[in-house]
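Next come the chains, spelled out residue by residue.
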Amino acid sequence: MLDELTEKLERALKKITGQGKITESNISDTLREIRRVLLDADVNYKVAKQFIDNVKEKSLGKEVLTSVTPGQLITKILFDELKELLGRTGSELKLNPSGLTVIMLIGLQGCGKTTFSAKLAKYLKNKKRNVLLVAADVYRPAAIDQLKILGAQISVPVFSIDGSAEPVKISVEALKYAKENGLNTVIIDTAGRLHVDDDMMNEAAEIKSKVNPTETLFVVDSMTGQDAVNSAKAFHEKVDFDGVVLTKLDGDARGGSVLSIRAVVDRPVKFVSLGEKLDSIELFFPERMASRILGKGDVVSLVEKAQLQFDEKETEELEKKFKENRFDLDDFLKQIKMIKKMGSLKSLLAMIPGISSSMKNTDVDDKKLVVVESIIQSMTKDERRNPKILNGSRRKRIAKGSGNSIQDVNRLIKQFEQMHQMMKMLNKNSGKFSIPNIKNMRLN
Amino acid sequence: MAILPNLSFSKLKEGLSKTRGALFSKIGNVFSNKTIFIEDFSAQIEEILLESDFGVELTEKLLFAARKTFKDKNLNDFDDFITIIKNELLSELKLSSYPKLLKKNIAVPYVIILLGINGSGKTTTLGKLAHYYKTQNMKVIVGAADTFRAAANDQLKNWAVQANVEIVEGTMKDPSAVAFETVKLAVEQKFDIVLIDTAGRLHTNKNLMNELNKIQKVVSGLLTSAPHEVFLVIDGNSGQNAKIQALEFGNYLNLTGLIVTKLDGTAKGGAVIQIASNFKLPIKYIGIGEKIEDLEIFDPNNYIDALFSK
Ligand SMILES: Nc1nc2c(ncn2[C@@H]2O[C@H](COP(=O)(O)OP(=O)(O)OP(=O)(O)O)[C@@H](O)[C@H]2O)c(=O)[nH]1
Ligand SMILES: [Mg+2]
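Chains as they are written, first to last, in the working numbering: chain A, -13 to 430; chain B, 5 to 314.
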């Protein structure tokens, strides 16, 4: 099992050949791949195109570190850009410290407004706000009942008017009711509507102008496709909203429409909604969303970490030693330290896409790294530089000194020898080498 | 049995062509400049298809075939290119073509289960279907097997009243018990059509998916030939995730057809076309509004024409 894992890790870290600068030609394949990734994630066609063009422009001529490929580097640039775009402005929900706070929810039919309004009510109630839910969807059969039931579940009052009251009137009355009853936070659940339905859009605009919400939130199903740009634009133009709520993220949709929305109307995502339970509401994390859209596990953050932590100079030096087959146990130790800097082995493995969650639970024991470290540290300088001199008595001493068994010591030395063999082969086969072979650090 | 008497696809066309104008005027220019380049044609069509949620794979497949035919036949007109694309698309939708008779003569009652993710439009569609079959002079009963979502039962009851059909309410906790009850009653009282509403669920939730499977089992345990139809209801706004939905729902029970809702907006429903093509499923009905009569039989020709209408 672990073999497979390390193989994957290796492959992901492989093509580690610096190619100087980013040029049109050395990233064209990657760009095509990225375009596909974005389209598969439901980023709008035009948005994807423009986004990629921007990223390309920013990247051309950038120096490529020795430890990554131009493709990896541009993926990272893209990731950063994506993260930046998604999280550019503050995503905090505005709440008036005194007086009334009114939050109005709008969106297409079936996007999850009603469930979300109850979640938000619970969330704010936990923040010690006195919340009133307002059932302003008079169109969908039983929508009012639905909100009443949800309100009862979380012990939040629900304001509704029986009969054929107008949503505008209901909303205005609700505000009055809240003031009279000492409730400081009003959440208005409006009916789902199509952005091309002028009457309904006018109604939403009218509610908004009458209640003057502190926050108007546009609720979007994360499974929305290309048309998100059209609906978001229309809702923005006709009603205007302050933030976005992304729903049904407990599914496996990549949610690229959120990028489309961000591109056509510059509004931040304020919440994500992840299930039918009323506490499955979360704040928005741009970074998480960016990797979800790219759908590549966290390859990107792996690249990022690798880049950050594998100090370039050190890597170069190691590279040289590798080539000349002078890599000794001291270098091995350095290598382990670098890997430790990058986080636990387990978290490194978890970042590789395609590794199933069950595999992620495989016991990758970081303690074994500590064992290796302690063994090497118990060696003399000479021993580290020239492991050949490690005879039986030296090994026994090291085992005792480091508090490990002699078998541990033997295993480590054996693995190191195998590594040397590998290096010889590697150096014969190719001029360049990759990051010292992690496979050979297998510790069990 | 007749299909919807007066097919009006004007509404569909209206919706589908809403964002089309600008695009085609662009193509018009290209044409009048006589810059007849297959690359350019492809790019224009690619844009239409990708922006209609057809996805990279199907778009590439259609374009590849079209370019080949275009070259082989030595054509040079953009209209010809469009015609070829249309034909390619039509062949992807073979299964959705007429005639669309219910297998009604085979079984009484004819049991139809609707399923799909949350908010896709199941309950509304079920109300519309109940109304539709009722107007076909059939004896219709609906079962409120969404025992989970708040007020789902009331919502369906409201539709049942509007359509003037019988309902078995979801008063038990177990959805398969409701389905069982409904089918049993339908058999005993010789109903023609049974429509079963189910709770919306994400395909990633194993427990809820198993629950669907159980409903199917219970129904066929009672009436071996049932369910006669299992329709996956998909929001026309859906993006590429819809394919995974179809795959997953299909893993748990045998889907027999697709229903696309909300095509009265500006979304084009291309994701559902991909599903129809990938999984060899017919698209049966489309939803074009929130009123009880806002349902149409899916006609591939009309759909494709609307998609490429200028
Ligand atoms: N514009 C439009 N809206 C639709 C259409 N079909 C359904 N809707 C609306 O979409 C929303 C969700 O519809 P429902 O029928 O409740 O969806 P559902 O799949 O039963 O939802 P759950 O049971 O909660 O999973 C409602 O507001 C409906 O009015 C349609 O064809 N066009
Ligand atoms: Mg429903």
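Treat the hints with caution; some may be incorrect.
[As the list claims (entries may be wrong)] Between beta-carbon pairs, the in silico distance windows are:
(1) K306(A) - G254(B): 31 to 37 Å
(2) T208(B) - E19(A): 39 to 45 Å
(3) Q139(A) - L251(B): 49 to 55 Å
(4) T75(A) - S224(B): 25 to 31 Å
(5) D81(B) - K35(A): 33 to 39 Å
(6) E192(A) - D84(B): 45 to 51 Å
(7) N198(A) - E43(B): 29 to 35 Å
(8) E192(A) - T208(B): 48 to 54 Å
(9) E303(A) - E43(B): 47 to 53 Å
[To be verified] No more than 27 Å apart at the CA atoms, straight line, and that leaves these computed lysine-lysine pairs for DSS-like:
(10) K134(A) - K247(B)
(11) K295(B) - K134(A)
(12) K247(B) - K155(A)
(13) K69(A) - K42(A)
(14) K161(B) - K32(A)
(15) K177(B) - K263(A)
(16) K65(B) - K32(A)
(17) K263(A) - K219(A)
(18) K161(B) - K134(A)
(19) K306(A) - K323(A)
(20) K263(A) - K288(B)
If you're looking for bench data, these hints aren't it; they were derived computationally from the structure. Each residue gets a CB set at the ideal place from its N, CA and C atoms; glycine is no exception.
Structure-based check of all given hints:
1. K306(A) - G254(B): 31 to 37 Å: violated (56 Å)
2. T208(B) - E19(A): 39 to 45 Å: violated (26 Å)
3. Q139(A) - L251(B): 49 to 55 Å: violated (33 Å)
4. T75(A) - S224(B): 25 to 31 Å: Violated, since T75(A) and S224(B) (Cβ atoms, about 54 Å apart) do not stay within the stated range.
5. D81(B) - K35(A): 33 to 39 Å: Since D81(B) and K35(A) have Cβ atoms about 27 Å apart, the given range 33 to 39 Å is violated.
6. E192(A) - D84(B): 45 to 51 Å: holds (50 Å)
7. N198(A) - E43(B): 29 to 35 Å: violated (53 Å)
8. E192(A) - T208(B): 48 to 54 Å: Once the Cβ atoms are compared, 39 Å apart, the range 48 to 54 Å for T208(B) and E192(A) is violated.
9. E303(A) - E43(B): 47 to 53 Å: holds (50 Å)
10. K134(A) - K247(B): Cα-Cα ~35 Å, so violated.
11. K295(B) - K134(A): This hinted pair holds, its Cα atoms lying about 24 Å apart.
12. K247(B) - K155(A): violated (42 Å)
13. K69(A) - K42(A): holds (16 Å)
14. K161(B) - K32(A): violated (44 Å)
15. K177(B) - K263(A): holds (17 Å)
16. K65(B) - K32(A): holds (20 Å)
17. K263(A) - K219(A): Distance ~30 Å between K263(A) and K219(A) Cα, so the pair is violated.
18. K161(B) - K134(A): holds (17 Å)
19. K306(A) - K323(A): holds (19 Å)
20. K263(A) - K288(B): violated (33 Å)
The earlier numbered hints that this structure contradicts are 1, 2, 3, 4, 5, 7, 8, 10, 12, 14, 17 and 20.
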